[in-house]
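Novice: What follows is the residue order along each chain.
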Amino acid sequence: MAQTAQSLNSARPPATGHRVKRHTGLMDWITTVDHKKIAVLYLWAGGFFFGIGGLEAILIRIQLIKPMNTFLDAQTFNELITMHGTTMIFLGVMPVIFALMNAFPSSADRGFWTFLFGGLLLNLSWVMGGAPDAGWTAYTPLSSTTYSATHGVDFYTIGLQIAGLGTLIGGINFLATIITMRAPGMSYMRMPMFAWATFITSAIILFAFPAITVGLVLLTFDRILGANFFNPETGGNPVLWQHIFWIFGHPEVYILILPAFGIISEVIPTFSRKRLFGYSSMVFATLLIAFLGFMVWAHHMFTTGLGPVANALFSVSTMLIAVPTGIKIFNWLFTMWGGQVRFTTPNLFAVGFIPTFTMGGVTGVMLASAPADFQFHDTYFVVAHFHYVIVGGLVLGLFAGLHYWWPKMFGRMLSETLGKWTFWTFIIGFHLTFFVQHFLGLMGMQRRVFTYLPNQQFDTLNLVSTVGAGLMGVGMLIFLWNIFITSRKPADAADDPWEDGRTLEWTIPSPPPEYNFKQTPLVRGIDAFWKEKRAGHTSMTPSEPVGSIHMPSATILPFLMSAGIFIAGLGFMFSRDTFGSDLLSFLFNNYIVTGLGLVITFGSMLLRSLFDDHGWHIEPEELEGR
Amino acid sequence: MITWQGGKRLLPMTAALGLILAGCGREDLSVLRPQGPAAESSFDLMKLSITIMIAVLLIVFSIAAYVLVKFRRKPGRREIPVQVEGNFKLEVVWTVIPLILVVILAVPTVKAVFAAGNDHADDPDAVKVKVTGHQYWWEFEYTDYGVKTAQDLVIPAGKDIAFELRTADVLHSFWVPSLSGKIDTNPDGTVNRFSFSAPNEGVYRGKCAELCGPSHGFMEFKVKSVSEAEFEQWLASMKAPAVLPEDPQLAETFRSACLRCHAVGDQGLAVGPDLTGFGSRESVAGILLNDDTGADGAPILENIQTWLRDPESVKPGNTMPDPKADLGLTDAEIDGIAEYLAGYTLE
Chain A
1 MAQTAQSLNS
11 ARPPATGHRV
21 KRHTGLMDWI
31 TTVDHKKIAV
41 LYLWAGGFFF
51 GIGGLEAILI
61 RIQLIKPMNT
71 FLDAQTFNEL
81 ITMHGTTMIF
91 LGVMPVIFAL
101 MNAFPSSADR
111 GFWTFLFGGL
121 LLNLSWVMGG
131 APDAGWTAYT
141 PLSSTTYSAT
151 HGVDFYTIGL
161 QIAGLGTLIG
171 GINFLATIIT
181 MRAPGMSYMR
191 MPMFAWATFI
201 TSAIILFAFP
211 AITVGLVLLT
221 FDRILGANFF
231 NPETGGNPVL
241 WQHIFWIFGH
251 PEVYILILPA
261 FGIISEVIPT
271 FSRKRLFGYS
281 SMVFATLLIA
291 FLGFMVWAHH
301 MFTTGLGPVA
311 NALFSVSTML
321 IAVPTGIKIF
331 NWLFTMWGGQ
341 VRFTTPNLFA
351 VGFIPTFTMG
361 GVTGVMLASA
371 PADFQFHDTY
381 FVVAHFHYVI
391 VGGLVLGLFA
401 GLHYWWPKMF
411 GRMLSETLGK
421 WTFWTFIIGF
431 HLTFFVQHFL
441 GLMGMQRRVF
451 TYLPNQQFDT
461 LNLVSTVGAG
471 LMGVGMLIFL
481 WNIFITSRKP
491 ADAADDPWED
501 GRTLEWTIPS
511 PPPEYNFKQT
521 PLVRGIDAFW
531 KEKRAGHTSM
541 TPSEPVGSIH
551 MPSATILPFL
561 MSAGIFIAGL
571 GFMFSRDTFG
581 SDLLSFLFNN
591 YIVTGLGLVI
601 TFGSMLLRSL
611 FDDHGWHIEP
621 EELEGR
Chain B
1 MITWQGGKRL
11 LPMTAALGLI
21 LAGCGREDLS
31 VLRPQGPAAE
41 SSFDLMKLSI
51 TIMIAVLLIV
61 FSIAAYVLVK
71 FRRKPGRREI
81 PVQVEGNFKL
91 EVVWTVIPLI
101 LVVILAVPTV
111 KAVFAAGNDH
121 ADDPDAVKVK
131 VTGHQYWWEF
141 EYTDYGVKTA
151 QDLVIPAGKD
161 IAFELRTADV
171 LHSFWVPSLS
181 GKIDTNPDGT
191 VNRFSFSAPN
201 EGVYRGKCAE
211 LCGPSHGFME
221 FKVKSVSEAE
231 FEQWLASMKA
241 PAVLPEDPQL
251 AETFRSACLR
261 CHAVGDQGLA
271 VGPDLTGFGS
281 RESVAGILLN
291 DDTGADGAPI
301 LENIQTWLRD
311 PESVKPGNTM
321 PDPKADLGLT
331 DAEIDGIAEY
341 LAGYTLE
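Chains as they are written, first to last, in our numbering: chain A, 1 to 626; chain B, 1 to 347.
Hints are computed from structural coordinates only; laboratory data are not their basis.
It is possible that some hints are incorrect.
[Said to hold, decoys possible] EDC-like mimics (lysine to aspartate or glutamate), calculated; alpha carbons at most 20 angstroms apart, straight line:
id, chain 1, residue 1, chain 2, residue 2
1, A, Lys531, B, Glu85
2, B, Lys222, B, Glu164
3, A, Lys531, B, Glu79
4, B, Lys74, A, Glu499
5, B, Lys159, B, Asp169
6, A, Lys533, B, Glu79
7, B, Lys130, B, Asp188
8, A, Lys531, A, Glu499
9, B, Lys74, A, Glu416
10, B, Lys222, B, Asp291
11, A, Lys533, B, Glu230
12, B, Lys74, A, Asp500
13, B, Lys148, B, Glu230
[As the list claims (entries may be wrong)] To be clear about the criterion: a stretch of chain A counts as covered by chain B if any three or more of its residues have a C-beta under 8 angstroms from a C-beta of chain B, and this derived list gives those stretches:
id, stretch
14, 265–277
15, 360–367
Each residue gets a CB set at the ideal place from its N, CA and C atoms; glycine is no exception.
The task is simple: from the sequences and hints, build the whole structure.
Specialist: Shown next as C-alpha cells:
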C-alpha cells in the first residue's frame with residue numbers, strides 16, 4: 001500500500017507557493033490529479049458503460065425469449081452482441097476495477113481520460129453509421145472491409161486502441177506506485193491481498209496489452225490503408241489474428257478476475273474477524289495464475305485446426321490452472337472456518353462468489369479437455385461458462401467491493417436492507433439466466449445466433465434465461481436506487497464503519513482528505529490496523545512527525561492529450577471517405593484532422609515536459625486546523 | 001496406482017450420469033445423445049469430467065455450508081477468534097488432490113486428442129468429401145465420384161467419411177452435434193481435415209458454429225446417413241442427365257435466370273448451391289424444413305415459394321437476388337419454377 005501524501009520536510013523544492021489555483025465544479029474534475037477523484041470518475045464512467053452493456057444484454061435476451069422472434073433484426077443483433085461483449089469487457093468492468101484499485105496509488109489522470117475518450121469513440125458508432133458487428137473477437141475475414149463495410153469495426157479498432165492505451169498507462173501507474181510508494185514497514189509480504197492482486201494484474205496488463213495493440217494496428221492498416229496482414233487472397237492469414245487476439249485475450253480474463261480475488265480476500269477476513277488463511281500460498285497462487293494465463297491462449301482455438309500436439313499441450317496447461325485456483329477457494333473457506341462470520345451486504349456478495357465462481361471454474365476445466373471442447377466450443381455452454389466466471393466471479397466481487405468501500409469512498413453507508421435485496425435478486429436472477437444455458441449448449445444451440453427454429457427443445461430454457469436476466473436487471477435498479485437515496489443522507493460514516501477493518505484505509509476519515517494520511521503510518525505486520533487494535537491502540541503509530549505535505553498541482557494537460565488522440569483517431573478513421581462538403585473532404589482526406597489531433601497531444605506532452613511544476617504544500621497548521 | 005483405482009471407482013457414477021443426461025435434447029441434435037464414435041468419444045470425456053467436477057463441487061459446497069452455519073457470529077459475541085496463519089498439511093492436501101484429478105482427466109484427454117487427429121485422408125475405404133462453407137450455405141463435393149451437392153450431406157452408414165474443409169468467404173464452423181465435435185472452415189492455406197462416421201441410418205441436424213454474418217444462425221444443414229445400396233443409388237441419380245422444366249418457355253426462364261448461378265446435373269454454373277434433386281432435400285435454404293405433415297415445417301412446395309418470393313426476409317444478408325425485383329420473374333414463373341423444383345426428386 002502506498003499513499004499520495006509525501007512528506008518532504010527537508011529538500012522542499014522552490015515551490016510554486018502555498019497559494020495555488022484551486023478549481024471548482026467541472027474544471028475541478030477535468031484537471032484533478034487526486035487519485036480518489038479519478039477513482040470516482042472511473043466509477044461513474046464504468047457505471048455508465050456497464051449500464052449500456054446491461055441494456056444491450058436485456059435487448060439480446062428479449063430477442064431470444066422465443067423461437068423465430070422478430071423483435072430485432074439479424075444485423076442489429078450482431079451489433080448488439082459485439083458491443084455487449086466489447087463494452088462489458090473493456091469499458092464496463094475494467095474501469096470499476098480501476099476505480100477500486102485507485103484506492104491506493106497516485107495520479108492516474110492520463111489513463112482515465114484516454115480510456116474515457118476511447119470508450120466514447122467506440123460507442124459513437126451507434127449514431128455514426130453502425131456499430132461493429134463481427135463479435136467482440138472481431139475474427140477476420142468477417143471483420144475485414146469486404147464483409148463488414150461500415151465504419152463499425154474501425155470504431156472498434158481505434159476506440160479500443162485508445163482505451164487500451166489508457167488501460168496500459170493505468171497499469172504502469174499501479175506498478176510504479178506499489179513498487180515505490182509503500183509505507184515504512186510495508187514489505188511486499190505484508191501488503192493486503194488486494195494490493196497484491198492490483199500489482200499482479202498491472203503486470204499482466206503490461207505484458208498483454210501490447211499484443212492487442214499490435215493486432216489492432218494491423219487490423220486498422222488492413223481496413224483503412226489496404227494492407228494484407230489477414231487477407232488470405234494476398235497471402236495474409238486470418239488464423240494469425242486469432243493467435244494475436246487470444247495471446248492478449250486470455251490474460252485479459254485474469255486481468256478481470258484477479259482483482260475480484262483480491263477484493264474477496266479483503267472482505268472475507270474482515271467479516272470473519274480472522275486473518276486470511278494461507279496468505280503466502282494466496283500470493284503464490286495469484287502469481288502462478290498470472291504466469292499460466294499466458295500459456296493457455298490456444299484453448300480458445302481448439303477447433304481452428306492446430307493439430308493434436310498443440311491441442312494436447314494447451315489442454316494440459318489449461319487444466320493446471322485449476323490447481324492454484326483451487327488453493328484460493330479452499331483458503332477462503334478456511335478463513336471463515338473458526339471465525340465469526342457476519343452477513344453484511346459485502347460479505348453476502350463475497351460468500352455468494354465462492355460457490356458461483358467455483359461452478360464457473362469447474363466448467364473451465366471441462367472446456368480444457370480438447371476433444372470435449374470440440375462439442376462445447378462456440379455453444380451456449382461456453383456462454384454459460386464465461387458468464388459464471390465474469391458475472392458470477394468478477395461482478396459479484398465488484399459488488400462486494402463497492403458495498404464494502406462505499407462508506408470510505410463517499411462517507412455514507414449504503415442501505416443494508418436494499419443491499420441485501422440487490423444481492424438476492426441479482427444472484428437468483430444470475431443463476432436462472434446462466435445455469436440453463438449450459439444445457440442449451442449441450443442440446444445443440446450454438447452461440448451468437450439471432451434466433452432459432454422451434455421444436456429443438458430450446459424454447460423453455462431460453463424463456464427461463466430471459467426471465468432471469470430481467471431479475472438481474474431488477475437487482476441493478478435496486479442498487480441504483482440505493483446509491484440515489486444514500487447520496488441524500490448526511491456523510492457521517494465512521495473511519496472504520498464495519499468495526500472490524502483490518503487494513504490502513506480504515507484508519508483515516510471517510511471520505512479521506514485530499515492528502516490521505518496526515519502522517520505516514522508505520523506498518524508492523526499483515527493487517528496493520530488490526531494488529532494495532534489488538535495491541536490496544538486506536539490509531540496507527542506514525543512513522544514521521546506532522547509536517548508539510550507535498551501535493552501535485554491540478555492540470556488540464558492530460559485531458560487535452562487524450563482529447564487530441566480522440567480527434568486524431570476520428571480523423572484517421574474517415575481519412576478515406578468522401579464527404580458531401582469539399583471542405584470536410586479536404587480536411588479529412590489530407591490527414592489535417594489527424595494531424596491537428598496529434599499536434600494537440602504532442603503539444604500537451606511538450607508543455608508537460610518543458611515546464612516544471614513543483615506542486616504545492618499543505619502546511620502543518622492547516623492539517624491541525626481541520 | 002491409487003489414482004487409477006480412484007478412476008475406476010468413478011466408472012459406475014459416470015454411467016449413471018450418462019443415463020440422466022441422455023434425457024436431454026433431440027436424438028438428431030443433442031451432444032448428450034451421441035450417434036457415432038466421434039461424438040461418443042467427446043461424450044465419454046464429458047461424463048468423466050462432469051463426474052470429477054460434481055465431486056469437487058460437492059466438497060466445496062459442503063464445506064461452505066458447514067462453515068456458514070457453524071461459524072456465524074452470534075449476537076453479543078465479543079471474543080476474538082484465533083488468528084490462524086495457515087496449515088501446511090491442509091494446503092498440501094488441496095494442492096495435491098486437484099493435481100491428481102487433473103492427471104486423471106489429462107491422460108484420457110491426450111489419448112482422445114490424438115485419436116481425433118486420425119483424419120482418414122489416406123484411407124482407401126473412406127468416403128472423401130470436400131466441404132466448402134459459404135455465406136450462408138454448405139457445399140459438399142464427393143471428389144472420388146465427381147458429384148457435388150449442397151445443404152444435404154448424404155453418407156453411407158458405418159463408413160468413415162474423410163472431410164477436407166475450407167471456406168469461400170469468412171470463417172464458418174462445421175458442426176453435427178450428435179455425430180461429432182466441430183471444426184472450422186478456414187481459407188486456403190489453412191485447410192482442415194477430420195473424420196466421423198454415422199453407424200445408424202437417419203437424418204442428423206448440422207449447424208454453423210462460427211459467427212459468419214447476419215444469417216449465421218440460419219446456416220443449417222442435414223446429414224443423411226443411408227445404407228450402402230441407397231448411397232450408390234443416390235450417386236447414380238445425381239450423375240444422371242439434368243431434368244429441366246417440361247414447359248420450354250419455363251425451361252428457358254429457368255436457364256437464363258437461375259442457371260447463371262445454380263447448377264442442375266451437368267447444366268449451369270455451380271456458384272450458388274447445386275439444385276440437382278431439389279425435391280428430395282430435407283429443407284429449403286437450410287432453414288425452411290420440408291415436412292408434409294406440417295409438424296416441423298411446411299410442405300416443400302410452400303417452402304420454395306416462401307423462399308423465392310422474398311429470400312432476404314428468410315435469410316438476411318444472403319447473396320441470392322430477389323427473383324421478382326432483381327431478375328424480373330413474374331409470380332406465375334416463380335410458381336412454375338417452385339413446382340418444378342419440388343417435383344425434381346431423385347430415385
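Novice: Each of the hints needs a verdict: does it hold here or not?
Specialist: Status of each hint after checking the structure:
no. : hint                 : verdict
1   : A:Lys531 to B:Glu85  : holds (14 angstroms)
2   : B:Lys222 to B:Glu164 : holds (17 angstroms)
3   : A:Lys531 to B:Glu79  : holds (15 angstroms)
4   : B:Lys74 to A:Glu499  : holds (16 angstroms)
5   : B:Lys159 to B:Asp169 : violated (30 angstroms)
6   : A:Lys533 to B:Glu79  : holds (14 angstroms)
7   : B:Lys130 to B:Asp188 : holds (13 angstroms)
8   : A:Lys531 to A:Glu499 : holds (14 angstroms)
9   : B:Lys74 to A:Glu416  : holds (18 angstroms)
10  : B:Lys222 to B:Asp291 : holds (14 angstroms)
11  : A:Lys533 to B:Glu230 : violated (85 angstroms)
12  : B:Lys74 to A:Asp500  : holds (15 angstroms)
13  : B:Lys148 to B:Glu230 : holds (17 angstroms)
14  : 265–277              : holds (count 5)
15  : 360–367              : holds (count 4)
Checked against the numbered hints listed earlier, the structure breaks hints 5, 11; every other hint is satisfied.
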